[in-house]
Amino acid sequence: MNSSPSDLLGLFAHFLVLSMLAVGGAITTVPDMHRFIVAEHHWLTDAQFTASIAIAQAAPGPNVLFVAVLGWNVAGALGALATMTGILIPSTALSLWATRWGSQRRDTRGVRAFTTGLTPLTLGLLLSTGWVLAEPYLRSADHRWGALALIAVTALVMLRTKLSPIWLVALGMVVGGLGWV
Amino acid sequence: MTAAPLPPTTPEALAAPGSKLELFTAFTSLSLQGFGGVLPVAQRELVERRRWLSKEQFVEMLAVSQVLPGPNVVNLALMFGDRCFGLRGAFAALAGMLLAPMLIVLALTALYGHYADNPVVTGALRGMGAVAAGLIISTGLKLLTTLKRNAMGLSICLGFGAATILATAWLRLPLVWVILGLGSLAIAVAWAKLRP
Numbered sequence: 000m001n002s003s004p005s006d007l008l009g010l011f012a013h014f015l016v017l018s019m020l021a022v023g024g025a026i027t028t029v030p031d032m033h034r035f036i037v038a039e040h041h042w043l044t045d046a047q048f049t050a051s052i053a054i055a056q057a058a059p060g061p062n063v064l065f066v067a068v069l070g071w072n073v074a075g076a077l078g079a080l081a082t083m084t085g086i087l088i089p090s091t092a093l094s095l096w097a098t099r100w101g102s103q104r105r106d107t108r109g110v111r112a113f114t115t116g117l118t119p120l121t122l123g124l125l126l127s128t129g130w131v132l133a134e135p136y137l138r139s140a141d142h143r144w145g146a147l148a149l150i151a152v153t154a155l156v157m158l159r160t161k162l163s164p165i166w167l168v169a170l171g172m173v174v175g176g177l178g179w180v
Numbered sequence: 000m001t002a003a004p005l006p007p008t009t010p011e012a013l014a015a016p017g018s019k020l021e022l023f024t025a026f027t028s029l030s031l032q033g034f035g036g037v038l039p040v041a042q043r044e045l046v047e048r049r050r051w052l053s054k055e056q057f058v059e060m061l062a063v064s065q066v067l068p069g070p071n072v073v074n075l076a077l078m079f080g081d082r083c084f085g086l087r088g089a090f091a092a093l094a095g096m097l098l099a100p101m102l103i104v105l106a107l108t109a110l111y112g113h114y115a116d117n118p119v120v121t122g123a124l125r126g127m128g129a130v131a132a133g134l135i136i137s138t139g140l141k142l143l144t145t146l147k148r149n150a151m152g153l154s155i156c157l158g159f160g161a162a163t164i165l166a167t168a169w170l171r172l173p174l175v176w177v178i179l180g181l182g183s184l185a186i187a188v189a190w191a192k193l194r195p
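Residue numbers (numbering that gives the first Met the number 0), protein chains in the order written: chain A, 0 to 180; chain B, 0 to 195.
Any given hint could turn out to be false.
Straight-line C-alpha distance at most 25 Å; calculated SDA-like pairs for lysine to any residue [what the hints assert, rightly or not]:
#: 1; chain 1: B; residue 1: Lys141; chain 2: B; residue 2: Ile186
#: 2; chain 1: A; residue 1: Lys161; chain 2: B; residue 2: Gly17
#: 3; chain 1: B; residue 1: Lys147; chain 2: B; residue 2: Ile178
#: 4; chain 1: B; residue 1: Lys19; chain 2: A; residue 2: Ala92
#: 5; chain 1: B; residue 1: Lys147; chain 2: B; residue 2: Lys192
#: 6; chain 1: A; residue 1: Lys161; chain 2: B; residue 2: Arg49
#: 7; chain 1: B; residue 1: Lys54; chain 2: A; residue 2: Leu162
#: 8; chain 1: B; residue 1: Lys54; chain 2: B; residue 2: Ala12
#: 9; chain 1: A; residue 1: Lys161; chain 2: A; residue 2: Trp130
#: 10; chain 1: B; residue 1: Lys147; chain 2: A; residue 2: Arg104
#: 11; chain 1: B; residue 1: Lys141; chain 2: A; residue 2: Trp130
#: 12; chain 1: B; residue 1: Lys141; chain 2: B; residue 2: Arg50
#: 13; chain 1: B; residue 1: Lys141; chain 2: A; residue 2: Glu134
#: 14; chain 1: B; residue 1: Lys54; chain 2: A; residue 2: Thr160
#: 15; chain 1: B; residue 1: Lys19; chain 2: A; residue 2: Ile88
Label-pair restraints from in silico Cβ distances [to be verified]:
#: 16; chain 1: B; residue 1: Ala191; chain 2: A; residue 2: Trp144; range: 45 to 53 Å
#: 17; chain 1: B; residue 1: Thr144; chain 2: A; residue 2: Ala169; range: 26 to 34 Å
#: 18; chain 1: A; residue 1: Ser139; chain 2: B; residue 2: Ala106; range: 24 to 32 Å
#: 19; chain 1: A; residue 1: Ala148; chain 2: B; residue 2: Ala106; range: 26 to 34 Å
#: 20; chain 1: A; residue 1: Ser3; chain 2: B; residue 2: Leu107; range: 24 to 32 Å
#: 21; chain 1: A; residue 1: Ser163; chain 2: B; residue 2: Leu107; range: 16 to 24 Å
The set of hints was computed from the structure by calculation and includes no laboratory data.
It should be emphasised that the depicted structure is a prediction, and the values quoted were computed from it without experimental measurement.
Ideal Cβ placement from N, Cα and C applies to all residues, glycine included.
Looking at chain B on its own, in the form it has when it is part of the complex (with noise of 0.2 Å):
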């Protein structure tokens, strides 16, 4: 191995979930924080708040959640439950982050079909969609500074997601392809560059 950095498994400031119990609220509480996407609240929490993940853990989570099939989010959470506390935590995680939500969205769901016409919850849906947009930029942002430890070096790295993002938003080419052309040939890279 070379002495390419890693990212800190386990440094000394990183805390640790006590319980399931707490696993499960803890999830509750990011999810039901999380409108129009719970990725930036989970960042937000897991890495700012409790400091349970380094930013560094918390990518390389989300890289791996994001090629697996599977909701992210949902994947993210039963990594990190799973790495807790075992199978029971990776469904008190999972449980913690649909539960109460689902309850929630449903209620809403047989609220909707009355107010569906109303131009003040139409504004108001807008206007939590321009926020929800707002959000996963800045969580995006936020993350770019992880790259200065990536192994392939930062004019690599940013370039391959500057044609991530020209697949994806731009040519709008579906995600398996994206993954398994773009996705490979960056493996590939980061391949030869840890070479022992």
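This is chain A alone, in the form it adopts within the complex (with noise of 0.2 Å):
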């Protein structure tokens, strides 16, 4: 795409306004950044904007990172910078300043009510973030078992043993390519 300044600019105020609703992970606000970039803008086709996700998730480094691979493919290195920027800097500021004010307070009822409230909550969407991770490879017949055997196993691992994520996820990498998932 020829991206024009203007282009540019909108693409980084539309993902500075994204990361003030990015509650639970930039990942919630997908549905919003495809209606934006895909059909308003038509900077990227659907299998564009999936294959953008689906290429962060095998990267290491956290999900945010597709929010980077959107921007680079709508309109390159500059792209890339418009959206990260855009998506970190109010979600930064805000952080900073809630665990400043809420780190001077942390013996208060208050801010400790918020902490025990939410935790339950947080493991919560935990477990649940697992469930809609394997849910797809869960419905389909062909990869229903092999894919649980492997969450079977490095659920396991990780409980009983202290080896590094890395080498189960190696592991998938290579039963998957072998066409065993």
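Grab the two chains, each in its own frame, and use the hints to assemble them into the complex.
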């Protein structure tokens, strides 16, 4: 795409707004990114959009990097810069401010009620994310048992040993590459 | 204040990063090990290997980083860095977490076009995806033990946890509503239980 400065600015501005809405992680704003980039501006096709997210999932690093891949696919290096700074600046500023505010008051009843109350939700969200990631594999008859076995082995090794997760990822890559999953 | 157990803030057993450089390299290294999500690696490295945080502190930071907007694990890096070395520490941890992986993912993006239809590549991606799911699930299971110290009591906690899973994985409700609804209720219960 030939991106004009105003396109880049629009991309940046849109991601600034999404940053503040991304409660629960950047991945929760994917539907809106799709609406903006694919449906409204036709900067990427559906397939390009989905592939951008898949690549970021397969690469090391936080999931938020799919935002950089989207920006890159829309407008190259400047596009990646626009989307990443957009998604990071507001939430970073707010995070720093909120943690400092909270840690000065961490022993007050209000702040303790806040963290005490939200802890079970946090753990529920983790398990739920695991389920959402696993579900597409478990739904497909071709991949159900292989994926289930791999998930079970992973969980067991993580709970019982101190092995680094990277070895399990390598195992998944090899087993999957061989066509067993 | 009651005798409700507080997460231990500074047990003697915990260590701390020696410098901003150590913080940067530690977050680069854990980020580079994080395929399909950095959280499981962050838990393993920060809590189990380096012992920079206790399990309870980790869950507490995670809880806060999840309700704040923005990427969870990035918020976690910011908070931890800020706690160690202030603003510079926060940016050292953030840069460590993002710089190297961003270069890698953009290089992969450039390569991917050539291999998108290769069955070995799609199979490998599928295998890695299944492992990523298993990693997240095991991290959640491992951290469940922290609920035993929660002032709301284990059964109320498990109830809120189950309701969250139901709302997000089954009903697929928008997270904002889950946090505002269930979250406010949970905070209200905790507020009542923490009555001095």
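What hint numbers does the structure not satisfy?
none
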